[in-house]
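Going line by line, the protein sequences match chains A and B. For the first sequence, this note's numbering begins at 454 and goes up steadily by one. For the second sequence, this note's numbering begins at -12 and goes up steadily by one.
Be aware that a few hints might be false.
[To be verified] Below are the DSSO-like pairs computed for lysine-lysine, each with C-alpha atoms no more than 27 Å apart in a straight line:
#	chain 1	residue 1	chain 2	residue 2
1	B	Lys46	B	Lys10
2	A	Lys544	A	Lys472
3	B	Lys46	B	Lys83
4	B	Lys30	B	Lys46
5	A	Lys544	B	Lys10
6	B	Lys10	A	Lys542
7	B	Lys10	A	Lys472
8	A	Lys472	A	Lys542
Rather than coming from a laboratory, the hints here were simulated on the basis of the structure.
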Amino acid sequence: VPRRGPLFTTYDAERIADKLEAVIEQGRRPHALAIVYHGDQRIAHFGIRRGSRDHGHGHLPSALHLSPHHTRRLADCPMSYEEWIAVMKEKRLIAEEN
Amino acid sequence: MDFDVVYTFFRRLAMANETTNRKSLEDRIVDLTARMERRADAKIVPIQTFEPEPYSLLKPMSVLIEDSEDGYLASFFDANIGTSGETEQEAFENLKSLVLDMFDSLNREAPERLGPEPARQLAVLRSFIRAA
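So that you can see chain B by itself, here it is in the shape it has in the complex (with noise of 0.2 Å):
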């Protein structure tokens, strides 16, 4: 085969690559920089009970509370578990439901199933929370 077309062929690959990769991190500096933004305004907020759910608290869990695009989002880093909601109170709110969820959901499941990411979440959320 003829070594210019080769060379052409790979040089258009390699541009083409390139010009993705410059997209890629082009967008993840747009939303790392956007994300700081909404950092400086975020704030901690403790989950202090369940209640009237029937799940006692072992200890206080921090949540993050910070602005996104179009509403809040609420974020317990311990576990990676988020959502988000129209006011900051329903994004909090919000986060607990699903905190109980995924629990439950957890504890469900026969432990041998559980892959890594999952297996550490429930760690860390039967470290705070026990059914009543």
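Just chain A, same shape as in the assembly (with noise of 0.2 Å):
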């Protein structure tokens, strides 16, 4: 079976932790860490590989708690923040607030 290329990159990577405002912590080499609060609460977080912008970031769809389709939309602007924090609090990701 031919490879497909990575499926999300460093550039998705990018994109999403863009697009969830995500804070940037500089980690050991390679990986910089994007962690997106909800309010105060860190509700998700995941490593971007720096380098290159083509390395592959297989594990995003299982960090951000979607299916790989959701994760694309999410890359691509079809799906904004606020539906994936309808997501996260479908699954009971985020804490109920008071």
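Since each chain comes alone in its own frame, lean on the hints to assemble the complex.
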């Protein structure tokens, strides 16, 4: 079976981090850590491999608790930050606000 | 409003949703099939040490290394942490770095600021790792 190339790249990871207004922490080489907050609550995080914009980021869907299809929608814009938050609430990955 | 116009509108809307859902399902089937084929060749490699980093392991951590579209994916499923590399070894080493990055980052966070999943991840990591 021919390889299709990475489903998600560093470029996609950076776009998603921007979209979710992630806080970027510089980690050990080769990663940066993208941390997503909702209000004061840290709800998700994922590593971004630096170096080339083409590095594979196949772990993004599980880190974001989404299917690959929805992760692609998040990277390519049709899925908004609010829609992702709704998915996270549906999966009870955001604690109920008082 | 004319019944036929309303009916046609909702019929088209339903067809559009059906097409989107079918595309989504097809994508998921292709992805799952590819993942199952890759899993057949996957291997589990234990992390035995973080040396020379100043952390001790309380017990080995099992890492799944699998072939991916452009290299290898390394995953520590217990804490839902994953990354990739051009080779199996690189993916494994990258994962070790990322696990420590996550551990440090989560430990710096005030406990009340951690959502359900990050809190669970930290609890899992603390059952495996101790800062020396």
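**Q.** Pairwise hint evaluation, Lys472/A against Lys544/A, where the allowed Cα distance is 27 Å at most
**A.** 20 Å, holds
Q. Taking 27 Å as the top limit, are the C-alpha atoms of Lys46/B and Lys10/B close enough?
A. Roughly 43 Å separates the two Cα atoms, so the pair is violated.
Q) Going straight from one Cα to the other, do Lys472/A and Lys542/A come out at no more than 27 Å? A) 18 Å, holds
Q: Starting from Lys10/B, check that the Cα of Lys472/A is at most 27 Å away, please.
A: Holds - the C-alpha atoms of Lys472/A and Lys10/B are around 24 Å apart, at most 27 Å.
Q.
Please verify whether Lys544/A and Lys10/B have alpha carbons no more than 27 Å apart.
A. Roughly 23 Å separates the two Cα atoms, so the pair holds.
Q.
Lys46/B and Lys83/B were given as a pair; does the straight-line alpha-carbon distance stay at or below 27 Å?
A. 14 Å, holds
(Q) Hint check: Lys30/B vs Lys46/B, CA-CA at most 27 Å. Holds or violated? (A) Cα-Cα ~19 Å, so holds.
Q.
Can you confirm whether the C-alpha distance between Lys10/B and Lys542/A stays at or below 27 Å?
A. Distance ~25 Å between Lys10/B and Lys542/A Cα, so the pair holds.
Violation of the numbered hints given earlier is confined to hint 1; every other hint is satisfied by the structure.
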